[in-house]
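Dock chain B against chain A, hints included.
Below, each chain spelled out in residue letters.
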Amino acid sequence: MTSQIDVENIDAGYDELQVLNQVSFSLQPGQIGCMLGPSGCGKTTVLRAIAGFEPVWRGRILIDEVEVSSRKKFLVPEKRNIGMVFQDFALFPHLKVEDNVRFGLKGMDRKQQHGRVQEMLAIVGMPAYAKAYPHQLSGGQQQRIALARALAPRPSVLLLDEPFSNMDAEMREQLAREVRSILKQENNTAILVTHDQNEAFAMADQICVMNEGSIQQQGSGYELYHEPVNRFVADFIGQGVILPATVEGENTVRTDLGVIAGSHSITDPPGEMVDVLIRPDDVVHDDESSESAIVVEKAFRGADFLYHLRMDSGIEVMCLAPSHHNHKINERIGIRLNVDHLVTFSRN
Amino acid sequence: MQRFWEPGVLLLAILFSLPIFTVVSFVLHPANDVWQHLLDTVLTEYLLNSALLMLGVALGTLVIGVGCAWLTSVCLFPGKRLFAWAMLLPLAFPAYIIAYTYTGMLDFAGPLQSWIRAGTGWGVRDYYFPEVRSLGGAVTMFSLVLYPYVYLLARAAFLEQSICVLEVSRTLGCSVWASFYRVALPLARPAIVAGLSLALMETLADYGTVAYFGLGVFTTGIFRTWFGLGDGAAAAKLASILLLFVFTLIVIERWSRQRARYHHATNRYSALPQYRLRGYRAVLAFSACFLPLLLGFLLPAYQLALWAIETYADMVDASFLQLTFHSLELAASAALLAVVLALFLAYGKRMLGSKVVNASIRIVATGYALPGTVIAVGVIIPFAWFDNSVDSLMREHYGFSSGLLLSGSLFALMFAYMVRFLAVSIQAVESGLSKIKPSMDDAARSLSYRPGEILMRVHLPLMKGTVLTALLIVFVDVMKELPATLILRPFNFNTLAVRAFELASDERLADSSTAALMIVAVGLGPVILLSHSISASRAGS
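From first to last, the protein sequence lines stand for chains A and B.
With the working numbering, letter number 143 in the first sequence gets 282, and the count goes up by one each step, no holes.
With the working numbering, letter number 218 in the second sequence gets 460, and the count goes up by one each step, no holes.
Take the hints with a grain of salt, since some may be wrong.
Said to hold, decoys possible - The calculated BS3-like cross-link candidates involving lysine-lysine, where the alpha carbons are at most 27 Å apart (straight line), are:
| id | chain 1 | residue 1 | chain 2 | residue 2 |
| --- | --- | --- | --- | --- |
| 1 | B | Lys706 | A | Lys270 |
| 2 | A | Lys245 | A | Lys323 |
| 3 | B | Lys706 | A | Lys235 |
| 4 | A | Lys235 | A | Lys218 |
| 5 | A | Lys270 | A | Lys235 |
| 6 | A | Lys235 | A | Lys245 |
| 7 | A | Lys235 | B | Lys679 |
| 8 | A | Lys270 | B | Lys677 |
| 9 | B | Lys591 | B | Lys679 |
| 10 | B | Lys679 | B | Lys706 |
| 11 | B | Lys677 | A | Lys245 |
| 12 | A | Lys245 | A | Lys212 |
| 13 | B | Lys679 | A | Lys218 |
| 14 | A | Lys245 | B | Lys679 |
| 15 | A | Lys235 | B | Lys677 |
| 16 | B | Lys679 | A | Lys270 |
| 17 | B | Lys706 | A | Lys245 |
| 18 | A | Lys250 | A | Lys270 |
| 19 | B | Lys591 | B | Lys677 |
| 20 | A | Lys218 | A | Lys245 |
| 21 | A | Lys218 | A | Lys250 |
| 22 | A | Lys437 | A | Lys467 |
| 23 | B | Lys677 | B | Lys597 |
| 24 | A | Lys235 | A | Lys250 |
Said to hold, decoys possible - With the Cβ distance kept under 8 Å, some of the chain A side facing chain B (calculated, not the full set):
| id | residue |
| --- | --- |
| 25 | Phe192 |
| 26 | Phe225 |
| 27 | Phe231 |
| 28 | Pro232 |
| 29 | Gly243 |
Hint data in this document are derived by calculation from the structure and do not stem from the laboratory.
Keep in mind that this is a model prediction, so the values were computed, not measured.
Yeah, the Cβ is synthetic: ideal placement off N, Cα and C, and Gly gets one too.
Here chain A stands alone, though its shape is the one from the complex (with noise of 0.2 Å):
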C-alpha cells in the first residue's frame, strides 16, 4: 500500500538554533498518527514543516507520494491540500459558522458550497448553528466548527496542533473519542500533536514519542506502555519505578521481590546489575505473599487504590489494588510480582 504522508530523516530548525534531528515516519491512507512529547520537544515544529509554515534543512516530505519539502523544493503552503486544526481554533471571527466552513471551498459552485457545509456540520453535529458567529459558541462547539472548516475541503492530511488543550480535562478524551469517530467515518489520515498520552492513546493508531527533537519510539500505545525502548519512553508513558536488578539468566533477572522471567532475551550478561521497570499493575496486592512493604501514601481513583509502598530495602513501588482493599497509610501489606513484561535498562 502507499502512504499518505512520508516523513523523511528531516531536521529543521529556527535561525541558528537545530529543533529536529533526524525525524521519520510514515502514515498509511486513514491512519491518524500522533506526536507525544513534553513541551518543547519539537513536536509542533514537525507539524509545521508538513504544513510548509517551516522549511526543512535536510530530509523531505512527501504527501501523496509528491515531494512538498526538501532542501531543493518548497511547496507554499495553500498548495499543499492540508487541513489544520489550531490551539486556538483560529476561527474568522467576522464570518458565521456556515462561511467559515465555506472558507476552503474555493473551486466549487455555490450549490455545491453549501451541499458540502451542510454535510460538514451535520457530520460534526453542530446543524443547527450554520447562522452563528464563533463568539457565540463554547470552546468545544468552536472546536467542532475549526474540525468541520479543515476537514471540508477533503484534504490529503488533517493536522491538528494541540486541539484539545483548551478545553476541560474531563471534557478531553472524550472529544478525543468524538473527533477520532469522526475521522475514521471519512477515513481521513491525520496527524495530532499532543503531550497528553490519554488524548494520544484515545486518537490514535500510531504514536511518536518525541524528545529533544527526536523521535524516541514509534508503536501502539500498548507497545509504548509495555515495551519502552529507553528510559525516556518509560518515564513518559505511565506511571513506574525503576528497581535495581541483577542478570540471572538469557531472560530473568532477580530484584528485591523476587525472580522475574521475561519473553525477550537480555542484552547484558549474568552477574550484570540493570534497572528493571515495574509498573503499578505489575504488583499484586496479595495477602498470602511472603514479601510485605509498608503503606506510604495512597490515591483512590474509583475502581482502584494506587498505593505507594515501601518495603524493607528502603525502596518504593506503586501498586494498583482493587478498591475493595482499603488499607491505612503504615499498615503492612503482603504483595508479589505478577510482571507479564520484562523491561531492562542497562546502566551504563
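Okay, now just chain B, sitting in the frame of chain A:
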C-alpha cells in the same frame, strides 16, 4: 519585500525622533546671553507657574474624574446611564476654546457681570469678581476639559475589579464607602495615575489657553523667546527643560500601566453590585455628575452657539470657507498618512518582531506626549539647517539661491503632525492587528489562500473598524492642534484653529465662535465613538 521592511521602519524611527533629539541636545548647549537673561528674570516664574498649574489640574481632574467614575460604575441614581458616557463630552473642547468662551461669559462686559450689576445697581468698583484670566482660571479650565482622561481609566478600572474583592471587604466589616477607600481605590490607583499623567501631559502641551491668559509658562516662554527675542537656541533650551517634565510623566504613565495589569484581579466577571441611592444622596450624586458636564460642555457649547448665531452671517465668507477647506485638507491628509505609516510599522512588527523594529516603534510612539511647541522647535532647527546648507551650496557652485525648501512648507507641518500623532494611529492599528492571531493566517493558508488573498479576505474585514477609528482620531487631533500649526504653517496659511485663536486674541470672541464651534463639533466624533464603546461594553457580559 521583507528585506526592505526593517530598514524602512528604522528610517522612519530616525526621521520622526529627529525633533526630540534636536531639542534634547540643547540641554548641553552652552548658555548664551539671552539664556542668562531668561535665567535671571523669568525662568523661576515659568517653573513655579508650571508646577502650580500641574498641581491644581491634578487635584481638579482627580476629584472630578475619580468621583464621577465611582458614582457611574457602582451607584444607581437617576441619569446614571446617561452620565456614564456623557461625562466624556468635555473632551470635545480644546482647552483654549473653553478658556476664551468663559472669558467672554465672565468678564466685565459679559452676561453674568452685566446681570449682577443690573440686578443690584452696583458700579464697577462696588463688588469683587474673580478674574478668569489667571492661574486659578487656567486650572479650572484645564480641569473641566481634561478630567475625562482620569474618568475614563478610573471607570474602566472600577468595572474590571472583581466583585468578590469588594464583597470580601464587606464581609470583613467595611461599609460601602470604606470599601471604596480601602479596596477599590487602591486597586484602581495605577489606572488613575495613568489617566492623570495623560491629563498633565495635555496641560504641559497647551499653548492656546496660557497664551490667552497671559501666563508665563514654558510653552509661552518658548514662543516669546523665539519670536520676541529671536533666539532659537534659548527657545530650544527652554523646550528641553519642558521635555524633562514630559519624560517624567511618560515614565510614570508607562510604569502605572504596567502595574495596572497586575492589579487586574480577575478574569471572571459578574454584574457589579449597584448601590441604589435615594433622597438627598441621589440628588447629590446627580449634581456631582451634572455640574462638570454643565460647566465643561453644555454651558460653553450653548454660549458658542449663541455667539455663532449672532455672527456667522458676517464671518462665513469666501476666506472662511477657504480656511475650513485648509483644515479639512490638512486633517484628512495627515490622518491618511498617519494610518498608512502606522500600518507599515505595525505589520513590520508583526512579521519581523525584531528588537530593532520594536524599539523603533517605541521611540516613534513617544511623540504623543510632546508639546506642539517643542515639536515645532525640534522641526524648525534641523529643517532650517538643511535649507541653509543647500542654499549656500547652491550659491557657491551655481550662483543662485535655493531659498527655503522645507521650512515654512506644508511638508514641515505634516512632518510635525506625524511626530505628534503617529503614536495615536499606531496604537489603534496595533490593537486591531492583535485581534488577528497569527494562527488565523496559518489557517487561511492551510485552506488554500495566498498571502494577498488573506489580506483581503481576513485582515481587511477585521481591520476596517480600527483603521477607521485611527483615521477619525488623528483627523480630529489635527483639526484641534494649535501651537505647531501656528509656528510651522506656511505664510498666510490659516486653519480653523489658528483663526479662532487669532480672533479671540484680538478680543473678537463672538467672531471666533463659528470656527470654534466647528472644531468642537468635529471633536465630538471620537467622543461619540468612545461613549458608544463604553455603553456597549461591559467586560464579560
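Structure-based check of each hint:
Restraint check: the Cα-Cα separation between lysine 706 (chain B) and lysine 270 (chain A) comes to about 22 Å, which is no more than 27 Å; the hinted pair holds. Proximity of lysine 245 (chain A) to lysine 323 (chain A) is assessed by CA-CA distance (about 25 Å); at most 27 Å being required, the pair is judged to hold. Between lysine 706 (chain B) and lysine 235 (chain A) the CA atoms are separated by roughly 17 Å; this keeps the pair inside 27 Å, and the hint holds. Distance hint between lysine 235 (chain A) and lysine 218 (chain A) is fulfilled; the C-alpha atoms sit about 25 Å from each other, no more than 27 Å.
With a C-alpha separation of about 6 Å, the suggested pair lysine 270 (chain A) and lysine 235 (chain A) falls inside the 27 Å cut-off, and the hint holds. Proposed proximity of lysine 235 (chain A) and lysine 245 (chain A) is supported: the alpha carbons are some 17 Å apart, at most 27 Å. Of the supplied pair hints, the one linking lysine 235 (chain A) and lysine 679 (chain B) holds, its CA atoms being roughly 18 Å apart against a limit of 27 Å. Straight-line distance between C-alpha atoms of lysine 270 (chain A) and lysine 677 (chain B) comes to about 22 Å, which keeps the hinted pair within the 27 Å bound.
Our distance criterion of 27 Å between C-alpha atoms is met by lysine 591 (chain B) and lysine 679 (chain B), whose separation comes to about 13 Å. A hinted pair counts as satisfied when its Cα atoms are at most 27 Å apart, and lysine 679 (chain B) with lysine 706 (chain B) qualifies at roughly 16 Å. This hinted pair checks out: lysine 677 (chain B) and lysine 245 (chain A) have alpha carbons roughly 25 Å apart, not beyond 27 Å. Simply put, lysine 245 (chain A) and lysine 212 (chain A) have alpha-carbon atoms about 25 Å apart, close enough for the 27 Å limit, and the pair holds.
Distance hint between lysine 679 (chain B) and lysine 218 (chain A) is fulfilled; the C-alpha atoms sit about 22 Å from each other, no more than 27 Å. Of the pairs offered as hints, the one joining lysine 245 (chain A) and lysine 679 (chain B) holds, with about 23 Å between alpha carbons and a cut-off of 27 Å not exceeded. With a C-alpha separation of about 17 Å, the suggested pairing of lysine 235 (chain A) with lysine 677 (chain B) holds against the 27 Å cut-off. As the CA atoms of lysine 679 (chain B) and lysine 270 (chain A) are separated by approximately 23 Å, the hinted pair is consistent with the 27 Å bound.
The straight-line distance between the Cα atoms of lysine 706 (chain B) and lysine 245 (chain A) is roughly 24 Å, inside the 27 Å bound, and the hint therefore holds. Taken as a hint, the lysine 250 (chain A) and lysine 270 (chain A) pair is honoured in the structure, with Cα atoms around 17 Å apart against an allowance of 27 Å. For the suggested pair lysine 591 (chain B) and lysine 677 (chain B), the alpha carbons sit about 14 Å apart, so the restraint of at most 27 Å is met. A C-alpha spacing of about 13 Å is found between lysine 218 (chain A) and lysine 245 (chain A), which places the hinted pair at or below 27 Å, so the restraint holds.
Proximity of lysine 218 (chain A) to lysine 250 (chain A) is assessed by CA-CA distance (about 24 Å); at most 27 Å being required, the pair is judged to hold. Between lysine 437 (chain A) and lysine 467 (chain A), the direct Cα distance comes to roughly 8 Å. Compliance with the 27 Å bound is thereby established for this hinted pair. With a CA separation close to 22 Å, the supplied pair lysine 677 (chain B) and lysine 597 (chain B) stays within the 27 Å bound. For a cut-off of 27 Å, the pair hint linking lysine 235 (chain A) to lysine 250 (chain A) stands: about 18 Å separates their Cα positions.
With a least beta-carbon distance of about 6 Å to chain B, the hint placing phenylalanine 192 (chain A) at the interface is held under the 8 Å criterion. Given hint, phenylalanine 225 (chain A) at the interface with chain B, holds; its Cβ is 4 Å from that chain's nearest Cβ, closer than 8 Å. The closest approach between the C-beta of phenylalanine 231 (chain A) and any C-beta of chain B is roughly 6 Å, which is under the 8 Å cut-off, so the hint is satisfied. Checking proline 232 (chain A) against chain B: minimum C-beta separation of about 7 Å stays under 8 Å; hint holds.
Hint on glycine 243 (chain A) holds. Least Cβ distance to chain B is approximately 3 Å, under the 8 Å limit.
Every hint, counting from the list given before, is met by this structure.
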